[in-house]
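The listed protein sequences derive, respectively, from chains A and B. Residue numbers for the first sequence, in our numbering: 1 to 43. Residue numbers for the second sequence, in our numbering: 1 to 238.
Honestly, the hints are just simulated from the structure, not real lab data. All C-beta atoms, glycine included, are put in the ideal place defined by N, C-alpha and C. You may find that some hints are simply not true.
Said to hold, decoys possible - Lysine to aspartate or glutamate pairs mimicking DMTMM-like chemistry, simulated, CA-CA at most 25 Å apart: (1) B:K13 with A:D37; (2) B:K48 with B:D123; (3) B:K48 with A:D41; (4) B:K13 with B:D194; (5) B:K48 with B:D194; (6) B:K48 with B:E148; (7) B:K48 with A:D37.
What the hints assert, rightly or not - Example chain B residues on the side facing chain A (calculated, C-beta under 8 Å, incomplete): (8) L18; (9) L105; (10) I106.
In case you want the letters, here they are:
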Amino acid sequence: MNHWPFILAAYAVVIAGVGGLSLASWLAMRSAERAADALRDRK
Amino acid sequence: MIHALANPTRFLKIARPLTPILFWSGLLLALVGAWGGLTQTPPDYLQKESVRILYIHVPSAWLGMGGWSGLAIACFAFLVWRHPLANLAARAIAPVGAVFAVLCLITGSIWGRPTWGTWWEWDGRLTSMLLLFFIYIAWIALERADRERGGDGRIPALFGVAGTVLLPVIRYSVVWWQTLHQGQSLTLTQSSIDSTMLWPLLMTLPGFSLMFGGIVLMRMRAALASQRVEARLRRMAA
């Protein structure tokens, strides 16, 4: 049995999982901090 | 240390520069380790090429379990000292730990097909890891429900601490029930893996761990900023 399709599938799943989680967390942090800064500047 | 970091202003002062350092250094280590595991190591005499999956599977398992340890410590700190940041840390850790637990299950299943000839087996290690994923989901649902009902966070914190009983079950499952999953080949002090195959794992393990820390800090910063927005909007409306 050729193992490489399994290896590539496993790495793709990890890239998608960790990449998606990192991107979602970064976007959430950026938008929340921008909203907080914008409100502070309106004071 | 915990008391000093419990101050949100002091915490943010440290977290802001630390977030990119943890994330990017972790990503670099993980990428070098993954490259080494994919291209620079020999295939295993028994597992053949599929051994390369372990360079991502082992860190996922480590962080799935390590995530719950972090969550339990944060819950314990919340119960004892009532630090709101501890509650926030637990909330930030839970989804990240759940993602790594599910990645461990998926990569393990993909590894199992060419190696064991099956995608899944109700073996002690696999079943206890699946249970860990379910208790992550249960904790997230419980914490959200508690927050929406205006709870004080004590019930999810107690659940977080109680959930640690599963960690030794996962750790020793390969000793207690000698079923399909192989025994432990790497501990803090020794390894049965040959050094020619071990070094990428020694990069992906700390690499993913640093990324885990960076992602948790991002989520904590997002939650703190949202709290600031809500507090300011309440003050403006009053």
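Hint check:
no.: 1; hint: B:K13 with A:D37; verdict: 15 Å, holds
no.: 2; hint: B:K48 with B:D123; verdict: 22 Å, holds
no.: 3; hint: B:K48 with A:D41; verdict: 60 Å, violated
no.: 4; hint: B:K13 with B:D194; verdict: 43 Å, violated
no.: 5; hint: B:K48 with B:D194; verdict: 14 Å, holds
no.: 6; hint: B:K48 with B:E148; verdict: 51 Å, violated
no.: 7; hint: B:K48 with A:D37; verdict: 54 Å, violated
no.: 8; hint: L18; verdict: 13 Å, violated
no.: 9; hint: L105; verdict: 10 Å, violated
no.: 10; hint: I106; verdict: 5 Å, holds
In summary, the structure is inconsistent with hints 3, 4, 6, 7, 8 and 9 from the numbered list given earlier, while agreeing with the others.
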